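Could you build the full structure based on these sequences and the hints that come with them?
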Amino acid sequence: MTIPQVIFVVIAAVVLVSAVRVVASRNIVHAALWLILSLFGVAALFAVLEAGFMAVVQVVIYVGAIATLIIFAIMLTRREMREGGLQTHRWWPLPALLAMALFAGLAWLLGSLPGTGATPPALAGDDSVLLLGQALLSPEHYVLPFEVASVLLLAALVGAIVIAGDSRK
Amino acid sequence: MDNAWAVVGIFMIVAIVLPVAALIMARLLGPKKPSPIKQQTYECGVETVGESWVQFKAQYYVYALAFVVFEVEVVFLFPWARAYGQLPFFATLEGALFILILAVGLLYVWRKGALEWQ
Amino acid sequence: MVNLGDFFYTLGMWLQGLLMRAGLSESAARGVFSALVAALLPLLALLTAVPLIWLERKWIARLQDRMGPNRVGPFGLFQVFADMIKIFTKEDITPLGADRIVFALAPVLAVAGVVGLWAVIPFAANAFGVDLNVGVLYLVAVGTLSTLAIMLAGWSANNKYALLGAYRTVAQMISYEVPLVLSLLVPVLLSGSLGLNGIVAAQREVWFVFSAPLAALLFLISSQAEVSRAPFDLLEAESEIVAGFNIEYSGMKFGFFFVGEFLHSFTMGLLGATLFLGGWTGPGVDAYPALGAVYLILKGTFVYFIFVWARATFPRIRIDQMLDFNWKLLTPLGLFLIPLLAVVNRGLSESSLWLRNAALLGANVFLAALVLIILGTRGRSARMRAASAAGPAASRR
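Residue numbers (my numbering), protein chains in the order written: chain V, 94 to 262; chain X, 1434 to 1551; chain L, 7 to 403.
Hint data in this document are derived by calculation from the structure and do not stem from the laboratory.
A quick note: this is a predicted structure, and the numbers were derived from the prediction, not measured.
All C-beta atoms in this analysis are idealised placements derived from N, C-alpha and C, irrespective of residue type, glycine included.
Worth double-checking, as some hints may not be accurate.
Going by beta-carbon spacing under 10 Å, a handful of chain V positions derived as facing chain L [what the hints assert, rightly or not]:
{"hint": "1", "residue": "Phe101"}
{"hint": "2", "residue": "Ala112"}
{"hint": "3", "residue": "Val116"}
{"hint": "4", "residue": "Asn120"}
{"hint": "5", "residue": "Val122"}
{"hint": "6", "residue": "Ile129"}
{"hint": "7", "residue": "Val153"}
{"hint": "8", "residue": "Val156"}
{"hint": "9", "residue": "Ala158"}
{"hint": "10", "residue": "Ala160"}
{"hint": "11", "residue": "Thr161"}
{"hint": "12", "residue": "Met168"}
{"hint": "13", "residue": "Phe196"}
{"hint": "14", "residue": "Asp220"}
{"hint": "15", "residue": "Ser221"}
{"hint": "16", "residue": "Val222"}
In silico DSS-like links for lysine-lysine, alpha-carbon gap of 25 Å or less [unchecked claim]:
{"hint": "17", "chain 1": "L", "residue 1": "Lys334", "chain 2": "X", "residue 2": "Lys1545"}
{"hint": "18", "chain 1": "X", "residue 1": "Lys1465", "chain 2": "L", "residue 2": "Lys96"}
{"hint": "19", "chain 1": "L", "residue 1": "Lys92", "chain 2": "L", "residue 2": "Lys64"}
The structure is reproduced here in structure tokens:
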């Protein structure tokens, strides 16, 4: 195995173990912290794949904004942030089986796609952000989703304020 | 080692290991005399009363919400800022429109009084 | 032949030559050299804190008309070492009921969140840790570590005052991150590059502080609020809410928060110099590239002096004033500045350098004047309302 593959496996292991700890942790704040570790791991995977922009955006948005929001939401809604007791349900083997079936299905689906396993095209390297920008802004590419995204963000902001406002008054 | 991020990885690992090493060194160098008084929670010299839990104001959550929305917006703006110079002038206006839509959002939040610190 | 003017390049080449003679291929030698730089630069960053603390204490003291440390060593130069020895040898106390691992992790993350910024700062034309093509966003990403550290510190101490302080500090930090990131967009707009090396190179003729002084001001203000420095340090002032989120921290762990804050402020100074004051550019850098490092440090220290000056001069701002100031002034200002500058810059991209920069400066002045006028009228109407509420006799003044 080459060194990048070893690094990839290590980081992937960190991501998966953290993800399991998120759902299995008894203390909800610990679960949030494991989630943060998992998100950092994903950012590291992006970096290993030389997708620099995605790596930093992952950290900025997921860890910086969303994880903070999640922690605030936990603090807002929880009276008691101590031990939450056993987190597993009595029938837990059934959902586990379902999840594994889903995983197997997805793996088969992705494996049978024509592009899988083939040599990827050459990376854009330093120009990746430029290409992304051009793609986002050109009328023949993604400018409409770009503008719709801003409307979507506006809707999210307004909606959240309406909901939060009602519960305050 | 062609990947610039490998250097970043090493840098961050060192940036974490150095303080940890200093902490370990400090723990070894310092005295170790734990006593119940020292380990008590500090409350201006008075005994702790009640659970260690405070009312979390909903206002903090509103700030975090606004932060998420504007952070996502700015992340979209970085590729725009990089590429607008190489694109027709129309692209600049597209970005301006993007910002102005969200400025309207800020105005809404402002007028709704959601930005007041209670 | 040794060209001392290009010190860093020569040093790098010499080391790589050594490695290649030891049997490594050229790319491997380059790789090992980069790894070496990546390992030593954090150490350099942490060591900078030592003269920095002394410098700040002396400056603050002089601004407050007193001497500052002058007992330990000549001019008090060894004061910081004495403090460090004290902190190193203090007992490590973890409060009862605190989450030990997270409690110890928080100060480490606080330091990592500052030191990580040094990886992308270009000290000279070819002296930098790594030239990331997304350098500016990397700065924001590393900044999230600091915010995280404070949240963890407040929660893990099992102390309601620490938690309360942490909530408020994090609310302040995330609020001020919005204008900070908006101001970071401006050098990207003006230089067309997300990498710090590109931003510095684009300032060879005109520094961005002259093209966009409003953005520089925005950066100065929001970076200080982000770091919780005065006048925004309500949450950790010694006389306030019992020192805030780090109330249970003592010894080395507290030392890290303390050092982290000073270093963060200085690093913001270096970044301000890189983004707006032209970084390592200056007379003579083409002939002697190593001179760039001197220029950057001088400029960074100058910006840092402005921060210290502000700390000594302004009274503390209340948290509601702080958040109002952020969301109702700085953020809208940033949101309007960006498209204005983009339109001017793109519209005049064919014109000469001087015309474009003059137009950009004009746009800044225009926006600043607009803001001042709006503030003026609102202030006047607020005063008149207050005066008429006080009674007809008062409003006749």
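Consistency of the hints with the structure:
Taking 10 Å as the C-beta cut-off, the interface hint given for Phe101 of chain V is violated, the closest approach to chain L being about 18 Å. The closest approach between the C-beta of Ala112 of chain V and any C-beta of chain L is roughly 19 Å, which is over the 10 Å cut-off, so the hint fails. Nearest Cβ of chain L to the Cβ of Val116 of chain V: about 19 Å, over the 10 Å cut. The hint is violated. Interface hint at Asn120 of chain V: satisfied, since its Cβ lies 9 Å from the closest Cβ of chain L, which is below the 10 Å cut-off.
With a least beta-carbon distance of about 6 Å to chain L, the hint placing Val122 of chain V at the interface is held under the 10 Å criterion. A hinted interface residue such as Ile129 of chain V counts as satisfied when its beta carbon comes closer than 10 Å to some beta carbon of chain L; here the least separation is about 7 Å, so the hint holds. Among the interface hints, the one on Val153 of chain V holds; its C-beta lies about 5 Å from the nearest C-beta in chain L, closer than the 10 Å criterion. Given the 10 Å rule on beta carbons, the hint for Val156 of chain V holds: about 5 Å separates it from the nearest Cβ of chain L.
With a least beta-carbon distance of about 8 Å to chain L, the hint placing Ala158 of chain V at the interface is held under the 10 Å criterion. Hint status for Ala160 of chain V: holds, given a least beta-carbon distance of 8 Å to chain L, under 10 Å. Look at Thr161 of chain V: its Cβ gets to within about 6 Å of chain L, closer than 10 Å, so that hint holds up. A distance limit of 10 Å between C-beta atoms decides the matter here; for Met168 of chain V the minimum to chain L is near 7 Å, and the interface restraint holds.
Annotation: Phe196 of chain V was flagged as interfacial toward chain L, and the flag is violated, the nearest CB pair being 30 Å apart, outside 10 Å. A distance limit of 10 Å between C-beta atoms decides the matter here; for Asp220 of chain V the minimum to chain L is near 8 Å, and the interface restraint holds. A hinted interface residue such as Ser221 of chain V counts as satisfied when its beta carbon comes closer than 10 Å to some beta carbon of chain L; here the least separation is about 7 Å, so the hint holds. Hint status for Val222 of chain V relative to chain L: holds, with the closest Cβ pair at about 5 Å, below 10 Å.
The hinted pair formed by Lys334 of chain L and Lys1545 of chain X meets the criterion: a straight-line CA distance of about 13 Å does not exceed 25 Å. A distance of roughly 9 Å separates the Cα atoms of Lys1465 of chain X and Lys96 of chain L; the hinted pair therefore holds under the 25 Å criterion. As the CA atoms of Lys92 of chain L and Lys64 of chain L are separated by approximately 20 Å, the hinted pair is consistent with the 25 Å bound.
The structure does not agree with the numbered hints 1, 2, 3 and 13 stated previously, though it agrees with the rest.
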